[in-house]
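Colleague: Using the sequences plus the hints, can you model the full thing?
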Amino acid sequence: MKVKMISRNPDNYVRETKLQQHKMPRNYDPTLHPLEGPREYVRAMNATKLDRVFAKPFVCNLSGHRDGVSCFGKHPKQLSTMATGAYDGEVRIWDLANRISSRNFVAHDGFVRGIAYTRYGDRIFTVGDDKTIKVWKAEAPEIGQDEVPVNTILSKFGLHGISHNHKDNKFATCGEVCAIWDEKHNDPLKTLKWGVDTLHTISYNPVETSILACCASDRSIILYDQREAQPLRKVVLTMKSNKLAWNPMEAFNFTVANEDCNLYTFDTRKLQTPLKVHFDHVSAVTDVDYSPTGKEFVSASYDKTIRIYNAHHSHSRDIYHTKRMQHVVCVAWSLDNRYVFSGSDEMNVRMWKANASEKLGVIRPRERVNFNYQEALKQKYAAHPQIKRIARHRQVPRHVLNAQKKMRTVKEKEQVKEANVRKHSKKGKVPYVSEKKKHVLKEEV
Amino acid sequence: MSDDEEHYEPRAHKKLLQAIGNLGKVQHIQKSTRDELQSRQDEFQLMKSVSSAETERAPRSVGLNDLVEILRTSSKHKDAGKKLKNVQGSRKVLAKPLEKPAADRIRRTIGYEGVTKKLGRWDAVVAQQRSAETQIFPLPSETIYVNTSAKARPLNTRIKSDLAKELEASNIKLRELRKAQIGDTTDEKELAKQERQLLQKKLTRDELFARRKELAYLKMRESQKSAKARMQNKIKSKKFHKLQKRQKILEQMKEFELLQKTNPEAALEKLNELEKSRVKERASLRHKNTGTWAKNLQVRAKYDKDVRKDLAEQLAVSRELTQKKQESDSEDEETSKKRVAPEEEEIDYDPLNPWTKRKTVENAENGKAETEDSNWRQYWTKRNRNEKLLEKHRRDMEEREEEQDTKEQEQEEEEEQEAEDNASKKPSAKAKPNKKILKKSKVKIENAKKSLKKSKVKIENGWQVEEVEQIKLNGDSKTGSIDDIFEKHEDQLRAKLSKKLEKLKQRVDKLKDAPVKGKKTKKKDALKNLKSLALKKTKQQIEIDEPLNYEKEQEPQKKIPAQLESSAETTKSPPVDTIDPNKVTTLVFTQKKSSSSGINDALIDDEAAEYDEADAAAERQLTISQAFEDDDIIADFNRDKTKDSELKNTELQLALPGWGSWAGAGISQAVMERRNKRLLLKLAAPEKRRDDNKDNLYLNESASKLAREHMVSSIPFPFRSLADYEASIRAPIGRNFVPETAFRMLTRPAVITRKGQVIAPMTESELVKPDRRLRHIVDSRIKRIPKVPSKAKIAKN
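Respectively, the protein sequence lines represent chains Y and B.
Residues in the first sequence are numbered consecutively from 1, following full-length UniProt numbering.
Residues in the second sequence are numbered consecutively from 1, following full-length UniProt numbering.
Do not take every clue at face value.
[Claimed, not checked] Simulated restraints on C-beta separations:
(1) B/I785 <-> Y/M5: 52 to 62 Å
(2) Y/D218 <-> B/Q757: 50 to 60 Å
(3) Y/D122 <-> B/K160: 45 to 55 Å
(4) B/I20 <-> Y/H185: 43 to 53 Å
(5) Y/E435 <-> B/I785: 52 to 62 Å
(6) Y/Q326 <-> B/Q757: 31 to 41 Å
(7) B/F209 <-> Y/R15: 17 to 27 Å
Simulated from the structure, these hints should not be mistaken for lab results.
Beta carbons are placed, not taken as given, at the ideal position from N, Cα and C, and that holds for glycine.
Modeller: Next up, the structure:
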C-alpha cells in the first residue's frame, strides 16, 4: 500500500518580498500542450474578428469651408496644425487637437491650387488661379490686425502647384513651366521647360532634396533637378497622372495617382516599367500621400472613397468611405503615422485613423503586449482561408461594388478576347504583355 | 556755300555720317545692363555681334602674331613666343555645335545619369530598412560627439593688478610659514584648482533653470516618499508587515555581503549592529508564542492545521534566533557536535525536502533542554544503530523471498544464458542495468528509513501530527515501539543473513562447477545477475512522501526479463525475411507522428539539432520500407478499404445477457431468439464507398469536411516548401507555450511609432551613420540570434 502525499515547498510559490513577482509555474514541454496549434489558431481567428469589430476609422469631420476643398498643406513640425485651401480661394488653418478652424482668410481669386509650409513651418506659401504666389505668416495676426500676406509675387505664368524644398530655402511651382524660386527673391531662379502645355502637380523629393518631379497634361511624368539647367527625363503613361508623392524613406521611389483608376509606383532609375501597379479604385485617383514611415500610402479617388495601400502590394489594405463623402480631392497622412485626412468636394475635411481598429488613447503595457501578440498571430495565420476571408472583408458602397463588377467583367472579356486572338494567330504574334508594361507608353530622354 | 562752310561742325557731321552709314544695319536696342540675378535671357536683350564692316574701319584688335612679335624682341621670352607660334600653327577648326534639341538631349542624359548614381547610394540603406525585423520611427538620430577638451586651452588673459600680485606674494609667504611651523601640508595646487572651479561655476540661465527643476523634483520625491511612509505606517495588515520585514532583512543581508567585500571594517560594525538587534529581539518575548496573537491562535490550533503551522513557524524563528548564538559561542563545541552529526545529517538531509532538517532541529529543542547534549547524542546513536538493523532485516526478508524465486528462475536463467550467449556481444551493457537496480534498491531502502524516521519525528513533535499510516513491518509494528521491533528482529536477521550467505556461496560454487558453455565474461554476468536478483526487492514497502520517481524504480526490475527478451528480439530481427507490409506502413505512421510532435524547429532553426535519434530511427525504418517497396501494397490498400467499410456497416446487438430474460423453465429458446432479433440494431443499408470500384483510389471518408475549409490549400508567398511553412505554423508564439523572452521576441512589431512625434523623412546622415545602438532589450536579443538564412527568407529576397 502506498500513501501518496503532496508536499510542496512554500519557497517555490511564496514570494519573499512583496516587490517580487508571483512565481508562475509553467511547463513549456510541448508534449504537455498537444493543442497549442489549434489554440493559437482560435486566438488568431478571434483577433481577426475583433480587429474587424473595432474597425471604426472615422475620427471626426472638420467643417468650415464654404466650397470644395482643393488642397492640403502639412505643417512639417506640428502635428496639430494643418492648412487647407478651397475652390473659393479661402485658406483655413486647423487646430486638429481641438478639431476647430483656428484661422481663415481669403488668399486668392479663384481656386487655391497649392499650399506649402516652409522648412520650419514659420510661413505658408499659397498659389492660386490668379497667377500669384502669396506668403503668409504661420501665426495668426494679433487681434484687430488684418490678414495680409507678407509678400505677394506676381508670376509671369499660370500656377498649378507648389512644393517646398525639405532642406533649402527654395520652393518650386508648376504651371506652364516648372520654376525654382528662392524664398528671398521675387524672380524665379530657374525655369525649366520641356515642351508641355501644363504641369499640374509638383513634388520635391524629401530625401534627395534637389530632385523634383512634375506631372504634365500630356500624360507624362517629368523629373527635374533643381541644380540642372535641363529637365532630366520624361515617362509617358497611357493616361494622365493626377498627383505624385515621393516615398520619404526610399529616396528613389515615387507613386503617381492616375486617371485610369490605378496608382503606379516607380523607381526613378528604371522608368520603363513601374515597380507595382496598385489596383482597386473604380474611378480616377485624384491624390496620393505617403505615410511618413514609407511603408504605406493613402489614395483619394473620384469614386468617393479613400484607400490605403501597402507600398509593395498591388491591392489595397483598407477602404474608407462615408455616405456623405463626395468626390475626394485631396488626402494627407499625418506625420506621426496615426491619422489620415481627406478633403472632398462637399466642403468637408475628414480625419480618419490610419489603422482602422487601433485603440486611441493611453495603452497600458499589458495591453500593448496583447496587441502585439494579436498582430503576430494575425500575421502568422494570414494565409488560412477563414482568417483571410474575415480580414479582407469590407463593406463598400453599392456604386463601388457595381463598378467593380463591371470592371471585372470588362477585364475578363478582354482577356478572353486576347486569348482567342492568340489562339487563332501565328505563334508568338500576339505576345504576352505584363500588366506593368501595358501602362507605360514610352520613356523620353 | 560759304554759309554752309561756316556752319560746318565736324562732330555733328561725323555723327550724321555714322547714322547714315548705319542705316542699313540698324541696331535700335541698346545693350542691356543687368542689375538683378536673372537666369532667363530674353532674345530681345541680346545684341548682334559687331559687323565685319565696322571691324575694318575700327582699329584692328590685337592678334596673336603681334604678341609673338613683341615676345621675339626680348631674349627672355623667346621660347614662349615660339610655343605660341606653334600653337597657332597646329590649331584646328572647331566642329559645328550640335543642334539644340540634340545637345539638350545629351545634357539631359548626363544629368539623369548623375541623379541615378546619386540615388543609388540609398540602395543599401533602403534594403536594410526593408529587411529589418523591427523598424522604429522616428529614426533615432545618433549624435556624434567629438571630444575637443584635449585641445581646449583655458584663456589666461586676465591682467593682475599690483594689489593682487602683492596679495598673492603674501599668501605664498604665509603658506610657507605655515608649512615650516605647523607642518601644514595642504596642496596649493589643489586649492587653486578648487578656486578655479568655483570661479567657473558661474551658472548660465539654462543651468539655473535646470538646477531649480532638479531641486523641485527632489522636493517632490521627498514629499512623495514621506507620504508613502506615512501611509505604510498606517497599514495594519500583518502579512504586509511580515513581508516588509523579510524584505528589509534581505536587503540588509545583501548590503552586508557587499560591505564584506568592499569594506570589512564597516561590515564588522554592521555585524555588531545586527547582532545587537538580534539580541534585543531575543530578549524580547517575540516569537515565543506568548503574545496575544499566539494565544488567540492556540485556541484555534486544535482545529486548524494552518494555524498550527504558523505557530510552529513562529517558534522555529525564535529557535533560530537563539540557535545562532550557540553556534558562534565556541568552535570546540561545534566541532564536537559535528563529529557526531555527519551521519545523522547525511541520513537526515534530503536535498529535495528542505523541511526535514529544520524539523529535526525543532524536535531536538522541543523535546529536551539544550543542555542535555550528551543524552541527545546517545539518542541519535541508538537510533542510527536501530535503523541500520532495520535495514538489514528488511534486506534479509527480501532475500528470503527471493530465494524461492531464484530457485524457480534458475532453470529459466539457464535458458536465458543461452539466449544471451547467442545475443549479447556486449556483456558490460547487460551488467549495467543490474548495478542500477542495486543502487536503486539501496535508495529505496534509504527512503524507507527516512519515512520511518519522519513518522517518528511527527510523533514527538507536539504540533505536526499528521495522519500517516504506520509502516507495517511483518505485522507487529503496531504492538510495540520501533526499538522493540528492532531488538526482536536483530537476532533473526543475523541468523538469516548468515544462512543466506551460505546459500549464495553454494550457488556460486555450483555455477563455477557447472559446465562452461560461453566465455568467462558471461559467467561473470550470470553471477552478477544472481546477486542482483538476490538483492531485489519483491515486497513493496509502504512509503510516505513518496518521490515521483517511484515508477521508475519499479520499471528496471521488470525490465530485466523484458530487456532480455527485447535483446533476443533485436538479435533476431536483423535477418529480416518476412516483414508485414502492414507493419511497415504502421511504422511509417508512427514516424510521422513523432516528427509532428517535435516542435519549435522554426525557433531553433538548427538542422543539426533536428537530426537526433528519432530521426535516425525513422531513417532506418524508411530504408526498410524502401527495401520492401514492391511488396503487395495494393492488397494492403484494399484491405484497409474493406476494413473501413466493415466498421461502417456492422450491426449492433443491443441485447444484454440477463436483461429481460426470466430464469427458470418454460422459457423457450425460440422466444429468446426472437427477442434478440428484435434487439438487433439494424443500421442503414450498407453505404457504398465513394471509391468502391476504383482500385487505386482511397478516399478518406472520415476526414472532416468542416475542418477542410480551415485548411490552407497553397503555400503562401514567402515560403517555397511545404515543410518550411508547416514548421513556421507549428512553432507557437504564445506566452503559454514559449518562455517570456521568446514570446517578446516573436511578437515584436515590425513597425514601432511613438505617439505625438513627427517622423521626419530620412536624412543624408543615414548614409554615414554607424550601426545603430539598439535601445530596446528585445531588439538586441533578436539581433544576437545567429542568422541562418532560412529558405523562407531567401524566397523573400
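Colleague: State for each hint whether it applies.
Modeller: Hint-by-hint comparison with the structure:
no. : hint                          : result
1   : B/I785 <-> Y/M5: 52 to 62 Å   : 44 Å, violated
2   : Y/D218 <-> B/Q757: 50 to 60 Å : 41 Å, violated
3   : Y/D122 <-> B/K160: 45 to 55 Å : 49 Å, holds
4   : B/I20 <-> Y/H185: 43 to 53 Å  : 45 Å, holds
5   : Y/E435 <-> B/I785: 52 to 62 Å : 39 Å, violated
6   : Y/Q326 <-> B/Q757: 31 to 41 Å : 34 Å, holds
7   : B/F209 <-> Y/R15: 17 to 27 Å  : 43 Å, violated
Of the hints listed earlier, those the structure fails to meet are numbers 1, 2, 5, 7, in rising order.
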